[in-house]
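Colleague: Take a look at the letters that make up each chain.
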Amino acid sequence: MASMPSLKSREIKIVHNMPISKTLPFWEGLKQGKVLATKCKKCETLYFPPSADCPNCLSSDMEWIELSDEAEIETFTHVVIRPTSFQQYKPYTVAIGRLKEGVKVLAWLTGFKLSQIKVGMKVKLTAKITPEGNPTYAFTPFEEK
Amino acid sequence: MRKVAIIGVGNSKFGNRNDVNLTELAFEAVKPALEDAGIVAKDVEFMALGSVGAGAWYAELLPAVVAAEYCGLTGIGLVRCEAACASGSAAFLSAYSVVASGQAEIAMALGVEKMREVDTSTAMEWIGRAGYYIWEFHNFGLTFPAYYALYASAHMAKYDTTEEDLALVAVKNHKYGAMNPLAHFQKKITVDEVLSSMVISYPLKLYDCCPMTDGSAAIILASEEKTKELGIDTPIWVAGIGYSSGTANLSRRKNYVGLETSVLASKRAFKAAHVTPDQVDVAEVHDCFTIAEIMAYEDVGFCKKGEGAKLIREGQTEIGGKIPVNIDGGLKAKGHPIGTTGCSMIYELTKQLREETIQKSRQAPLKNYIGLAHNVGGTGHYCYVTILRR
Numbered sequence: 001m002a003s004m005p006s007l008k009s010r011e012i013k014i015v016h017n018m019p020i021s022k023t024l025p026f027w028e029g030l031k032q033g034k035v036l037a038t039k040c041k042k043c044e045t046l047y048f049p050p051s052a053d054c055p056n057c058l059s060s061d062m063e064w065i066e067l068s069d070e071a072e073i074e075t076f077t078h079v080v081i082r083p084t085s086f087q088q089y090k091p092y093t094v095a096i097g098r099l100k101e102g103v104k105v106l107a108w109l110t111g112f113k114l115s116q117i118k119v120g121m122k123v124k125l126t127a128k129i130t131p132e133g134n135p136t137y138a139f140t141p142f143e144e145k
Numbered sequence: 001m002r003k004v005a006i007i008g009v010g011n012s013k014f015g016n017r018n019d020v021n022l023t024e025l026a027f028e029a030v031k032p033a034l035e036d037a038g039i040v041a042k043d044v045e046f047m048a049l050g051s052v053g054a055g056a057w058y059a060e061l062l063p064a065v066v067a068a069e070y071c072g073l074t075g076i077g078l079v080r081c082e083a084a085c086a087s088g089s090a091a092f093l094s095a096y097s098v099v100a101s102g103q104a105e106i107a108m109a110l111g112v113e114k115m116r117e118v119d120t121s122t123a124m125e126w127i128g129r130a131g132y133y134i135w136e137f138h139n140f141g142l143t144f145p146a147y148y149a150l151y152a153s154a155h156m157a158k159y160d161t162t163e164e165d166l167a168l169v170a171v172k173n174h175k176y177g178a179m180n181p182l183a184h185f186q187k188k189i190t191v192d193e194v195l196s197s198m199v200i201s202y203p204l205k206l207y208d209c210c211p212m213t214d215g216s217a218a219i220i221l222a223s224e225e226k227t228k229e230l231g232i233d234t235p236i237w238v239a240g241i242g243y244s245s246g247t248a249n250l251s252r253r254k255n256y257v258g259l260e261t262s263v264l265a266s267k268r269a270f271k272a273a274h275v276t277p278d279q280v281d282v283a284e285v286h287d288c289f290t291i292a293e294i295m296a297y298e299d300v301g302f303c304k305k306g307e308g309a310k311l312i313r314e315g316q317t318e319i320g321g322k323i324p325v326n327i328d329g330g331l332k333a334k335g336h337p338i339g340t341t342g343c344s345m346i347y348e349l350t351k352q353l354r355e356e357t358i359q360k361s362r363q364a365p366l367k368n369y370i371g372l373a374h375n376v377g378g379t380g381h382y383c384y385v386t387i388l389r390r
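Chains A and B supply the protein sequences, listed in that same order.
Start counting the first sequence at 1; every next residue gets the next number (my numbering).
Start counting the second sequence at 1; every next residue gets the next number (my numbering).
Treat the hints loosely; a few may be bogus.
To be verified - Here are the simulated lysine to aspartate or glutamate pairs, EDC-like style, with alpha carbons at most 20 Å apart:
1. A:22 x A:66
2. B:254 x A:72
3. A:8 x B:24
4. A:13 x B:60
5. A:8 x B:60
6. B:158 x A:72
7. A:13 x B:163
8. A:8 x B:119
9. A:118 x B:163
10. A:122 x A:66
11. A:8 x B:117
12. A:13 x B:24
13. A:118 x B:160
14. B:42 x B:225
15. B:360 x B:281
16. B:254 x A:70
17. B:305 x B:164
18. B:254 x A:132
It is worth saying that the hints were derived from the structure and are not from the lab.
Could you put together the complete structure from these sequences and hints?
Modeller: What follows is the structure in structure tokens.
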């Protein structure tokens with residue numbers, strides 16, 4: 001039925017401007033090589049991804065904390081079929097790793113062959129800038145310099 | 001709260017439905033549902049629509065309004081419910097609540113989805129954004145298969161679930177899909193075909209994934225008084241509904257071997273219906289991916305945590321087994337028109353409980369006349385469990 005008659009809709013291009021005022025230290029921190037989380041000054045709950053407000057005690061008095069760089073992989077996948085806006089990349093691996101502070105991080109896992117990746121392995125959490133200039137963070141092997 | 005019965009159901013042919021637009025597709029479910037109930041459109045007082053892709057994978061932005069006009073429902077109360085892939089169940093809850101609370105005598109839950117007005121990678125993009133866009137999509141490009149693949153890797157690592165076990169789910173659901181004339185895929189497959197299909201997001205392969213499907217389903221609900229007044233032969237009663245939700249960020253979940261939202265929604269539904277898992281005769285569970293069906297066995301309570309793979313290996317979820325699951329083909333073979341699925345699960349259970357499945361070969365044996373629908377939205381972001389009783 002793929003060749004059924006159809007009308008093309010009018011074209012629109014959508015780009016959203018997503019506010020980051022309240023988490024700006026996080027995005028700036030990535031540029032300086034740091035991965036930051038927020039900690040509620042009142043109830044001491046740690047948030048990653050960082051949160052400007054604490055849903056636990058409803059305080060908005062937060063401090064910025066630099067996270068440790070060692071993560072234990074809890075799970076992973078290798079994304080072969082990619083969405084439209086990621087077509088320019090080669091297939092990539094995404095993992096979720098737990099830090100010693102108790103929070104978990106979801107990020108790309110680079111520098112390993114798929115067959116080398118195991119649940120429970122230790123990897124390094126690294127802040128970085130993508131080739132397009134976007135601040136991000138990734139898991140990498142510890143020996144990578 | 002009043003007792004509420006399902007008095008009419010309709011389900012369109014599922015598949016690549018480029019022969020119809022959104023509203024024409026809705027009509028294919030609304031018409032048979034009205035005829036099944038023996039009522040006309042003006043008898044319906046409220047309609048809740050489950051549909052997700054408005055303005056994204058299909059062009060219309062107000063699908064409840066355009067579908068209502070096309071089906072002759074203009075003037076009644078309307079709402080669109082969004083609970084991702086559980087939108088159909090959210091619409092069902094909305095329509096049920098309107099009747100149970102006494103605000104209406106007859107209400108409709110409608111699901112309609114057109115997923116193929118855009119190309120596949122654009123659809124993958126939209127569905128991949130259906131998590132926490134800024135934290136888990138923007139920089140990392142997760143897709144819907146990738147989210148569930150994270151669960152598959154963890155389940156395989158902890159419980160020694162294998163890729164062959166996952167394949168058995170696809171083989172079972174295709175077997176029943178081949179017996180269902182409404183199904184998107186009506187073709188049996190083998191374990192070898194699943195294992196040799198292309199990797200979509202490791203460890204999930206093409207045949208571990210549900211297709212992008214167009215389809216609609218409509219359910220008409222009525223009060224006990226109205227059901228009697230209309231002389232409905234075999235009303236199917238809503239015994240209990242449970243619901244819950246999970247964190248938007250997958251990184252904030254406790255583990256990746258099950259969906260906490262499924263566990264909570266199931267417990268609530270069983271409690272509301274005064275039913276236990278072993279009393280269920282036939283179940284529809286959310287098998288958007290093969291791993292999702294195995295986790296659902298465990299999370300709903302058809303087996304212990306970690307024993308889902310054993311259930312499929314032993315054939316316990318086929319007709320003749322302990323609990324037949326997805327014997328309409330499931331999302332995997334019948335197809336998964338996202339906002340429609342919840343209503344389509346209710347359609348199938350209603351047909352099963354009335355003992356009027358189109359093909360008798362896939363009629364579940366009924367002992368207690370109890371059916372269960374487990375409908376997950378996103379990757380454990382929403383969950384609705386609906387228990388029906390004849």
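Colleague: Each hint: holds or not?
Modeller: Now the hints, each set against the structure:
1. Taken as a hint, the residue 22 of chain A and residue 66 of chain A pair is honoured in the structure, with Cα atoms around 17 Å apart against an allowance of 20 Å.
2. The hinted pair formed by residue 254 of chain B and residue 72 of chain A meets the criterion: a straight-line CA distance of about 14 Å does not exceed 20 Å.
3. The straight-line distance between the Cα atoms of residue 8 of chain A and residue 24 of chain B is roughly 18 Å, inside the 20 Å bound, and the hint therefore holds.
4. Of the supplied pair hints, the one linking residue 13 of chain A and residue 60 of chain B holds, its CA atoms being roughly 16 Å apart against a limit of 20 Å.
5. Only pairs whose Cα atoms come within 20 Å are accepted, and residue 8 of chain A paired with residue 60 of chain B is accepted, the gap being roughly 13 Å.
6. With a CA separation close to 15 Å, the supplied pair residue 158 of chain B and residue 72 of chain A stays within the 20 Å bound.
7. Simply put, residue 13 of chain A and residue 163 of chain B have alpha-carbon atoms about 40 Å apart, too far for the 20 Å limit, and the pair is violated.
8. Of the pairs offered as hints, the one joining residue 8 of chain A and residue 119 of chain B holds, with about 13 Å between alpha carbons and a cut-off of 20 Å not exceeded.
9. Proposed proximity of residue 118 of chain A and residue 163 of chain B is supported: the alpha carbons are some 16 Å apart, at most 20 Å.
10. Of the supplied pair hints, the one linking residue 122 of chain A and residue 66 of chain A holds, its CA atoms being roughly 19 Å apart against a limit of 20 Å.
11. Only pairs whose Cα atoms come within 20 Å are accepted, and residue 8 of chain A paired with residue 117 of chain B is accepted, the gap being roughly 9 Å.
12. With a CA separation close to 28 Å, the supplied pair residue 13 of chain A and residue 24 of chain B exceeds the 20 Å bound.
13. For the hint pairing residue 118 of chain A with residue 160 of chain B, the CA-to-CA distance comes to about 13 Å; that is within 20 Å, so the pair holds.
14. Distance check on the hinted pair: residue 42 of chain B and residue 225 of chain B sit about 18 Å apart at the alpha-carbon level, within 20 Å; holds.
15. Under the criterion of a C-alpha separation no larger than 20 Å, the hint pairing residue 360 of chain B with residue 281 of chain B is consistent with the structure, at around 16 Å.
16. At most 20 Å may separate the alpha-carbon atoms for a hinted pair to count; residue 254 of chain B and residue 70 of chain A meet this at roughly 19 Å.
17. For the suggested pair residue 305 of chain B and residue 164 of chain B, the alpha carbons sit about 19 Å apart, so the restraint of at most 20 Å is met.
18. Restraint check for residue 254 of chain B and residue 132 of chain A: the C-alpha separation of about 33 Å exceeds 20 Å, so the hint is violated.
Consistency with the previously given hints fails for numbers 7, 12 and 18, ordered from lowest to highest.
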